[in-house]
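Novice: Residue numbers (numbering that gives the first Met the number 0), protein chains in the order written: chain U, 0 to 97; chain Y, 0 to 138; chain P, 0 to 542.
Derived by calculation from the structure, the hints in this document are not laboratory data.
Incorrect hints may appear among the rest.
In silico contact screen, one side only, chain P against chain U (beta carbon under 8 Å); selected entries [what the hints assert, rightly or not]:
| id | residue |
| --- | --- |
| 1 | Ile95 |
| 2 | Ile340 |
| 3 | Leu411 |
Glycine included, every Cβ here is placed at the ideal spot set by N, Cα and C.
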Amino acid sequence: MKVLTGNDLPTGDVIWWTGNGWSRHIEDARDVADQGESIARAEEGARHVTGPYVIDATVTADGPRPAHIKDRVRALGPTVRPDLTLKPADPNAGSWVI
Amino acid sequence: MDNATIAIGSDEPAVTLDAFLEDQANATAVRLEAGEDARALLPHLDRIALVEVSFPSFRDGRGYSAARILREAGYQGELRAQGDVLVDQMPLMKRCGFDSFAPEAEIDAATLEAALTRYDHVYQKAADGQVPVWKLRHG
Amino acid sequence: MYKYDQYDQSIVDARVEEFRDQVKRRLAGQITEDQFKPLRLMNGLYLQLHAYMLRVAVPYGTLDGRQMRMLGHIARKYDRGYGHFTTRQNIQYNWIKLSEAPDILAELATVEMHAIQTSGNCIRNISSDQFAGAAADEVADPRVWAELLRQWSTFHPEFSYLPRKFKIAVIAADEDRAAMRLHDIGIQLVQRDGVLGGRIFVGGGMGRTPMIAPEIKDFITADDLLSYVEACLRVYNRYGRRDNIYKARIKILIHELGADEYRRQVEEEFVAVKALGLDPPKAEFDRITKMFAPPTFATFGPQADTAPNPAFDAWRAQNTVAHKQPGYAIVTISLKPTGGIPGDATADQIDLMADLAERFSFNELRVTHAQNIVLPHVAVSDLHDVWTALDAAGLAPANIDLISDIIACPGLDYCSLANARSIPVAQKIATRFADPERQRDLGELKLKISGCINACGHHHAGHIGILGVDKKGTENYQLLLGGSGAEDASLARITGPGFSEDGIVDAVETVTNVYLDKREAGERFLDTYRRLGMDPFKEALYG
Numbered sequence: 000m001k002v003l004t005g006n007d008l009p010t011g012d013v014i015w016w017t018g019n020g021w022s023r024h025i026e027d028a029r030d031v032a033d034q035g036e037s038i039a040r041a042e043e044g045a046r047h048v049t050g051p052y053v054i055d056a057t058v059t060a061d062g063p064r065p066a067h068i069k070d071r072v073r074a075l076g077p078t079v080r081p082d083l084t085l086k087p088a089d090p091n092a093g094s095w096v097i
Numbered sequence: 000m001d002n003a004t005i006a007i008g009s010d011e012p013a014v015t016l017d018a019f020l021e022d023q024a025n026a027t028a029v030r031l032e033a034g035e036d037a038r039a040l041l042p043h044l045d046r047i048a049l050v051e052v053s054f055p056s057f058r059d060g061r062g063y064s065a066a067r068i069l070r071e072a073g074y075q076g077e078l079r080a081q082g083d084v085l086v087d088q089m090p091l092m093k094r095c096g097f098d099s100f101a102p103e104a105e106i107d108a109a110t111l112e113a114a115l116t117r118y119d120h121v122y123q124k125a126a127d128g129q130v131p132v133w134k135l136r137h138g
Numbered sequence: 000m001y002k003y004d005q006y007d008q009s010i011v012d013a014r015v016e017e018f019r020d021q022v023k024r025r026l027a028g029q030i031t032e033d034q035f036k037p038l039r040l041m042n043g044l045y046l047q048l049h050a051y052m053l054r055v056a057v058p059y060g061t062l063d064g065r066q067m068r069m070l071g072h073i074a075r076k077y078d079r080g081y082g083h084f085t086t087r088q089n090i091q092y093n094w095i096k097l098s099e100a101p102d103i104l105a106e107l108a109t110v111e112m113h114a115i116q117t118s119g120n121c122i123r124n125i126s127s128d129q130f131a132g133a134a135a136d137e138v139a140d141p142r143v144w145a146e147l148l149r150q151w152s153t154f155h156p157e158f159s160y161l162p163r164k165f166k167i168a169v170i171a172a173d174e175d176r177a178a179m180r181l182h183d184i185g186i187q188l189v190q191r192d193g194v195l196g197g198r199i200f201v202g203g204g205m206g207r208t209p210m211i212a213p214e215i216k217d218f219i220t221a222d223d224l225l226s227y228v229e230a231c232l233r234v235y236n237r238y239g240r241r242d243n244i245y246k247a248r249i250k251i252l253i254h255e256l257g258a259d260e261y262r263r264q265v266e267e268e269f270v271a272v273k274a275l276g277l278d279p280p281k282a283e284f285d286r287i288t289k290m291f292a293p294p295t296f297a298t299f300g301p302q303a304d305t306a307p308n309p310a311f312d313a314w315r316a317q318n319t320v321a322h323k324q325p326g327y328a329i330v331t332i333s334l335k336p337t338g339g340i341p342g343d344a345t346a347d348q349i350d351l352m353a354d355l356a357e358r359f360s361f362n363e364l365r366v367t368h369a370q371n372i373v374l375p376h377v378a379v380s381d382l383h384d385v386w387t388a389l390d391a392a393g394l395a396p397a398n399i400d401l402i403s404d405i406i407a408c409p410g411l412d413y414c415s416l417a418n419a420r421s422i423p424v425a426q427k428i429a430t431r432f433a434d435p436e437r438q439r440d441l442g443e444l445k446l447k448i449s450g451c452i453n454a455c456g457h458h459h460a461g462h463i464g465i466l467g468v469d470k471k472g473t474e475n476y477q478l479l480l481g482g483s484g485a486e487d488a489s490l491a492r493i494t495g496p497g498f499s500e501d502g503i504v505d506a507v508e509t510v511t512n513v514y515l516d517k518r519e520a521g522e523r524f525l526d527t528y529r530r531l532g533m534d535p536f537k538e539a540l541y542g
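Put together the whole structure using the sequences plus the hints.
Specialist: Here you go:
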C-alpha cells in the first residue's frame, strides 16, 4: 500500500494521512493509491502538513507498517528512548521497527 | 524606502558582459550572470549607469560578492539585484551595495520596510556606509 | 568571559523579532517551506525525524552558570527534559515546536545566547579549545580571536549564502583539542619573535570527502585577521562549486585549485580587501581580551593528602588535567555513562553542572567537541566535593578519552539524514567494555560513530571509526582505523566489508585484541596501528 506522511507545520509532529485528515498514529493511515501527490499538494497548500511524501507500507494485523526503517522509526519514536515514543507503556511496541 | 527601490518599468535593456566587452562598448547597462567576473567591468565603471546582477536562485550567493567588488572599486551607478530575490535577503544585499531590486516574485512593501529597518547595528563594515559597532565602541 | 554590551544585545534582540516575524509569515502561508527553510536553518531550526530540532549556539563552547541554567530551563519548558551536546560545542533540542521557537530565542536572548547561524550555508559557530584560558600549554586565550570572528561572521552580508556551510576553529596550543585541521578554516595562534599571530589552515573537513587542511598562511596578526578571512571567504563564495552539493565545501575548491593557487588568489584578494578598513582597531582587541582575563585564583599552601578512595582516585586520574595555575585542575565531566546516550544531559543534570560551575569553577563551563562538559578552573582541594556531587547525579564516569568516551551523532534515532542508528552501537560497545580496568588497560582510544556519510560523528578522525550505512534497507556498519583529529591529524581507513549491529561490536573487540597482543611499551592503539598498518587488523577481522 501507499501511505502519505509528513509533519504538522506548527508542532513538527509526524503525521499520517487518514483519508480525511491527519493522525499521529500510523495505525490510522489509509492507502492513498495513486492520489498521494495530489493530496500532498493540496494539504501542503492549506498548511495542514509540511514536507509531505508518499511511502510504501505493508498491511499487517496491527495496521500499516512502513517499508523503510527510517519511516518505521518516525512512526514510533527514537528506539533508544522508549519512554519518549508514542507507546511508552508498551515494552514491545517497537518490535516491528528494526 | 530608505534609499532602496524596487525597479519597475523599462530601462535601457542591459547587455551581456561578453557583448559589453566585445562589441557594445557604447552600452551603459550591463547584466552580470552569476559566476561572471565583476572585475572585468572595473576599467569601464565611469561610463556604466546600471549593472544588473542576476540571482538565478536565492541560494546562489555569488552576486553579493560581485556587488561588493563593484562598490569597492568606486562604482557609483545603479546596482540592481534581479531574479530569485527574497525579501529577507534584501537587507544583506543592500549592505553589499545594491540600491535597486527586480525580484521575480512580488514583494510586500510593509514586510520589506520592516526588514530594512529591523537592525539598528551591524558588526561589519560593508559597502553601505553603515558604521560597524567596533567603530561605535571606539570612535 | 565575553559580556554583551548594548550593541550585541540589540542585534540579538532584533534577531528574535526578525525570526518571530518570519515564523508568523510561514504559519500564515506568506512564504513557502522552500523559502522558509534557509531562514529557519540560519536560526538553527531543522525539521528532523520526529519534530523540529533547535540547535543553540555556545560560542567557542564557553558558558556561565546562568546560561547553562537557561539551557536546562529550555529543556524542561519547551522540550522533553533533556538536551544533546554536539561535536561543534553546541546544544540541540529534539522536540521543539515551530510555534514556540521564537519564545525560546527570546528567553535565550535574556542570557546573551542565540541560535544564529547554527545551520545554513553560512559561517557557523566558531569552535575552540575547551581548555582555553586554563590550559598550561596555550600561548594566549584563543577565545579572543574566536570572539572577533564571531562578531565579524554574524549576519555577514556577503557570506550568508555560501556554496555550503563553513566552520572555523581557533586553538592556541600545539596540542590540538579542537580538531582544528578538520575545519574549513583552522587557526592556530603562535608566538613569533614576541608577536602573537595565527597560522591559517584552509580546506579541511570530514563529510564524504575528508581532508586535512593545508597551511595557507604561516603568520597573520590580529590586525589583519578579519581582512584575511574575508579574502579567504570571498574567493570561496565566488568560485566554490554550486553545481553539486557534495562538492561545494571549500576543501573541494582548494583540492581542485591546489593550495598554492588558492593562496595566490587569497593574497590578491587580501590586498584589495585590506585597503577597505574592515579590521577593528586594537582597542577592540584589547576590550575583548580584558573580558577573557583569568579569574582571581587563590594561592594554596601544601595540601593534605586525602584518604584513598578508589572511585574518586580513578575519576581524578582520568577526568582531570593540570591547570596552568598551581593548585587548580581542569575537570571534564563525562556525558558517557555506560549504556547512556553520548552527549545527552537531563535538565536536572544541566542545572547541577551550572551550580557546580558557580560554586567551584569561577562560574565557567565549556562544551567539548567530544560531547562532554568542562569545569575549567576547579581548586584541587574542591575536587572531592565536585566528584561527590557529580557521582550522585550519574555524571562521574571515569572514562575521558577511553573507549567508552564515544562520540556518536544522533543517527537514525533522530536525524532525517541518517542511514543507520549510531546511539545503540555506542551503547553496546560501551557495555561490552564496561569493566573500568579493561578500559584503562586499553588506554587512550578515541572511538567515533557516524550514522551517515556526512560524518557528524567524526568517524574519519577516530582511532576507531564506525560509519553506519544502509545496505538494502538494513543497517550496516563499516569499520575504520587510524584516524586522528588531534595535532597528529590523520584520516581513518576503512578495513573492508561492513558488519551487522552486533558484528561491529565484535569487530571492535577484535581490533582491540590485536592491539593488546601487538603493542609495545607506551603505545596507544593509534600508535600500534601506525606502526603495523592495516594488515594484522584485517587478518584478524576477515581471516
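Novice: If a hint holds in the structure, say so; if it does not, say that too.
Specialist: Cross-check of the supplied hints:
no. : hint   : result
1   : Ile95  : 7 Å, holds
2   : Ile340 : 6 Å, holds
3   : Leu411 : 6 Å, holds
Of the hints listed earlier, there is not a single one the structure fails to meet.
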